[in-house]
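Visitor: Chains as they are written, first to last, in the UniProt record's numbering: chain A, 1 to 310; chain B, 1 to 459.
Possibly wrong hints are sitting among the right ones.
[Unchecked claim] Listed next, the in silico PhoX-like pairs over lysine-lysine satisfying Cα-Cα at most 25 Å (straight line):
hint, chain 1, residue 1, chain 2, residue 2
1, A, K172, B, K86
2, B, K156, B, K218
3, B, K285, A, K171
4, A, K291, A, K262
5, A, K217, A, K257
6, A, K291, A, K53
If you're looking for bench data, these hints aren't it; they were derived computationally from the structure.
In case you want the letters, here they are:
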Amino acid sequence: MFSRLSVKSIRPLVSFRSLSSGLTSISPVEQSHFNQLASSWWDVNGPQRILHKMNLLRMDFITNTIKSHLVLNDYNNMVNVAEEEIYIPGFDVGLLDDAIADSVLQDQETRRQELLRGMRLKCLDIGCGGGIFSESMARLPYVGSVKGIDLSEEVLAVAKNHAALDPILEKKLSYDLQAVEQIDESLEQYDVVSMFEMLEHVDYPAEVLKSAIRLVKPGGWVFLSTINRDFISWFTTIAMGEYVLKIVPKGTHTHSKYINEKEIEEWFDKNPEFEVKESKGCVYLPAYGWKFTENEHVGNYFMAIKRVTK
Amino acid sequence: MFRAIRHLSTVSAMRLADVVIIGGGPAGLTLASALKASRSTSQLKVELIEGGKLLEGLREFGNSPPEDITNRVVSLTPATVNYLEKIGVWDFIRYERIEEYDNILAYDGVTNSRIEFEHVGIATMCENLNLQSALLAKIEDLGESGCPLDIHDSTKVVGIDSAGNGWPVVELDNGERIQTRLLVGADGFNSPVRKFAGIESRGWSYNRWGIVATLNFKVDSFRQITGWQRFLPSGPIALLPLPNDMASLVWSTTPELANVLLKLSEEKFAAMINAAMKLDPEEMKYLYKLAEEDDNSLVDSISWRLSLFNNKLQPEQHELYPLEIESLVPGSRAKFPLKMSHADTYVGPRIALVGDAAHTTHPLAGQGLNMGQADVQSLVNCIETATERGLDIGSTLALEPYFSERWPINNAMLGVVDKLHKLFSTDFTPVVMARSFGLDVLNTVPFVKDFLVDRMSSK
Ligand SMILES: Cc1cc2nc3c(=O)[nH]c(=O)nc-3n(C[C@H](O)[C@H](O)[C@H](O)COP(=O)(O)OP(=O)(O)OC[C@H]3O[C@@H](n4cnc5c(N)ncnc54)[C@H](O)[C@@H]3O)c2cc1C
Ligand SMILES: C[S@@+](CC[C@H](N)C(=O)[O-])C[C@H]1O[C@@H](n2cnc3c(N)ncnc32)[C@H](O)[C@@H]1O
Chain A
1 MFSRLSVKSI RPLVSFRSLS SGLTSISPVE QSHFNQLASS WWDVNGPQRI
51 LHKMNLLRMD FITNTIKSHL VLNDYNNMVN VAEEEIYIPG FDVGLLDDAI
101 ADSVLQDQET RRQELLRGMR LKCLDIGCGG GIFSESMARL PYVGSVKGID
151 LSEEVLAVAK NHAALDPILE KKLSYDLQAV EQIDESLEQY DVVSMFEMLE
201 HVDYPAEVLK SAIRLVKPGG WVFLSTINRD FISWFTTIAM GEYVLKIVPK
251 GTHTHSKYIN EKEIEEWFDK NPEFEVKESK GCVYLPAYGW KFTENEHVGN
301 YFMAIKRVTK
Chain B
1 MFRAIRHLST VSAMRLADVV IIGGGPAGLT LASALKASRS TSQLKVELIE
51 GGKLLEGLRE FGNSPPEDIT NRVVSLTPAT VNYLEKIGVW DFIRYERIEE
101 YDNILAYDGV TNSRIEFEHV GIATMCENLN LQSALLAKIE DLGESGCPLD
151 IHDSTKVVGI DSAGNGWPVV ELDNGERIQT RLLVGADGFN SPVRKFAGIE
201 SRGWSYNRWG IVATLNFKVD SFRQITGWQR FLPSGPIALL PLPNDMASLV
251 WSTTPELANV LLKLSEEKFA AMINAAMKLD PEEMKYLYKL AEEDDNSLVD
301 SISWRLSLFN NKLQPEQHEL YPLEIESLVP GSRAKFPLKM SHADTYVGPR
351 IALVGDAAHT THPLAGQGLN MGQADVQSLV NCIETATERG LDIGSTLALE
401 PYFSERWPIN NAMLGVVDKL HKLFSTDFTP VVMARSFGLD VLNTVPFVKD
451 FLVDRMSSK
């Protein structure tokens, strides 16, 4: 099997005056597919129900990831190192006896909440579609702003109209018809760059990834979700999802475009500035919703990649 | 010109909220304090609207409660008490006015078969006012520590409309309008919110009234602290223990008998309670007739019959019946229509129903308020999770889990209570035999009984 990410650019990156000419551009087939979905995007019982449901799990994934990688003891900012170290030990809590461990865990949780409350993350959502994820992100108290970009005008119009219904989003959320490589990294950098359920729709995912990671601040995060290229994925998303259960609109997926978790991991391995911190498989159970699995190499998966500070 | 000005002024009188709760009953107040006590939801802008006069009375109760126990008393399950502890409301309860008991003795008036439920802390008797004033105290305490909440009492909702963005707009009788992300109907069984949302509620009236009163026991011998319930053909009568040798009465009966009983003097009414806990249904029929004629021999006739009854009891059999009632707390009698109803759904876009707005039940199992507390707990969970996930808390996606968690449980509970009511309010012989069999079987098969006890006292 060849890797979806190893395809070398066959032509140099062209200028992006015209949106349809780039390697990261949207194909006409994909575009017309999403345009058709635009009007029912926000009907939680409609064709995008599965995406709405998946959003619940990925919001948990993101908050948990960000929370669990917070640095609780910032030695540079401590007034009294000895005292604060007792407050939150940096060692393995499992070694303590239960009562103490409990109270340490509680202290840690309180500290995490505190740190989170103080944050105002700047986020970029690439391939934001109708804005299911962008809106949720923008409502979080620890998010300062979200910019959603997509290449489908129709879908973006839906996103803008829907965001206008909720006053809380007014100052925090904006949308732009823009290709990711059009963003100048010397002007715009983000704490969180997300690509959810979009890499499987692009022709040159490596190019999209490459353009996306330029925009991540040191210490910032890339979050993505997509689908492994395996039999299970074909069976669940295309055979079952689109044809048997009809819970996903026909033509949503093209199996050959799926990307394996391993491929993304290897791609990031070549870049010392980035570390894959979390990777989790998930599966949709019709009567239940989305659920994490033990195996990120099968079916759908979420990844969290951190730009490590040097 | 005039229109334009009017239009402008109404626009400026509109304010925004995240959650508007209609109804300051137990369900509405619990929801308000739970939302403010939760780390995830304490920053939401919440307003509570109550049509009746509420705050002054509750504060007064909190500061200097009356000596006598007030007449609306509910029995709280351990699950309810646990939840109130968890959200920090229980600290504000006046403990000297509640009574915890471990034992419920239910017996059948027609066949005299019995069932005894025993379970540590099976229930806690608590005045509605004690609970509501603790809830208000907690809300005010949270307000002082930076999580304020607006409560408007003596303010009726006169209309509910939809704004351009689909959010409900609540119109108050003082002319103010609130546009809200989520509108919660905690507005009792006539729920205006349910009607606005076009949610159908199905059910029926039991053609029964519930008479409540607060009573003083005549303390002439010892009884364990016990809840007593006797099933009469016209409906169950229950005496539930309160502090200081008092008891709370819930007597469900037909509208005709309720009228008769409510017209009696308090002395005669107390005598009728004593009769109803012990005497044979045939004798009761005769006594109801005397009562209807307001016959002056009623009290004497009852005393005579009771002394005959008591004399026939073996010494150890006395404990199978409650102590007799000495008197009523003056003016504590009241009546309520009993109905069973269940809304088709509890949620809609930007709408949720909790408590009696979603379901009403026969009080024989003392579940009504407790079901509402469990609703609130589940809804708060949903709102917390949705907030943490950045969802719009008014979307059905956020609210659906509340409905799917609570509706089936409430429906099962309504069904069981409804069937109990039907089973015990007849004196048709085959049914009576079956039910006598039923009760005795329950009493001897620990598994079935434990299941019932579990249900009543579920943690
Ligand atoms: C005789 C009897 C005995 C009972 N015993 C028990 C028991 O032992 N255990 C138990 O668990 N339950 C018991 N219950 C049931 C219990 O009392 C109810 O289930 C409980 O009070 C319901 O609470 P709630 O907050 O949902 O509604 P309610 O207490 O009915 O409160 C609704 C509130 O909404 C307000 N409202 C309505 N419309 C408007 C409007 N348009 N604008 C503003 N405000 C409005 C009303 O003024 C009211 O204050 C008993 C009930 C009866 C009748
Ligand atoms: C399945 S939707 C996912 C939407 C959103 N990220 C979510 O998960 O809710 C995929 C989106 O990717 C967009 N898309 C496809 N190819 C793209 C490309 N090359 N660049 C940017 N967006 C693209 C589509 O227009 C569509 O809105």
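Visitor: Look at each hint and say if it fits the structure.
Guide: Hints and how they fare:
At most 25 Å may separate the alpha-carbon atoms for a hinted pair to count; K172 of chain A and K86 of chain B exceed this at roughly 34 Å. Distance hint between K156 of chain B and K218 of chain B is unfulfilled; the C-alpha atoms sit about 44 Å from each other, more than 25 Å. Our distance criterion of 25 Å between C-alpha atoms is broken by K285 of chain B and K171 of chain A, whose separation comes to about 73 Å. Taking the CA atoms of K291 of chain A and K262 of chain A, the gap is near 21 Å; set against the 25 Å cutoff, the hint holds.
Pair hint K217 of chain A plus K257 of chain A does not hold up; C-alpha atoms about 29 Å apart against a cutoff of 25 Å. Simply put, K291 of chain A and K53 of chain A have alpha-carbon atoms about 10 Å apart, close enough for the 25 Å limit, and the pair holds.
When each numbered hint is compared with the structure, violations occur for hints 1, 2, 3, 5.
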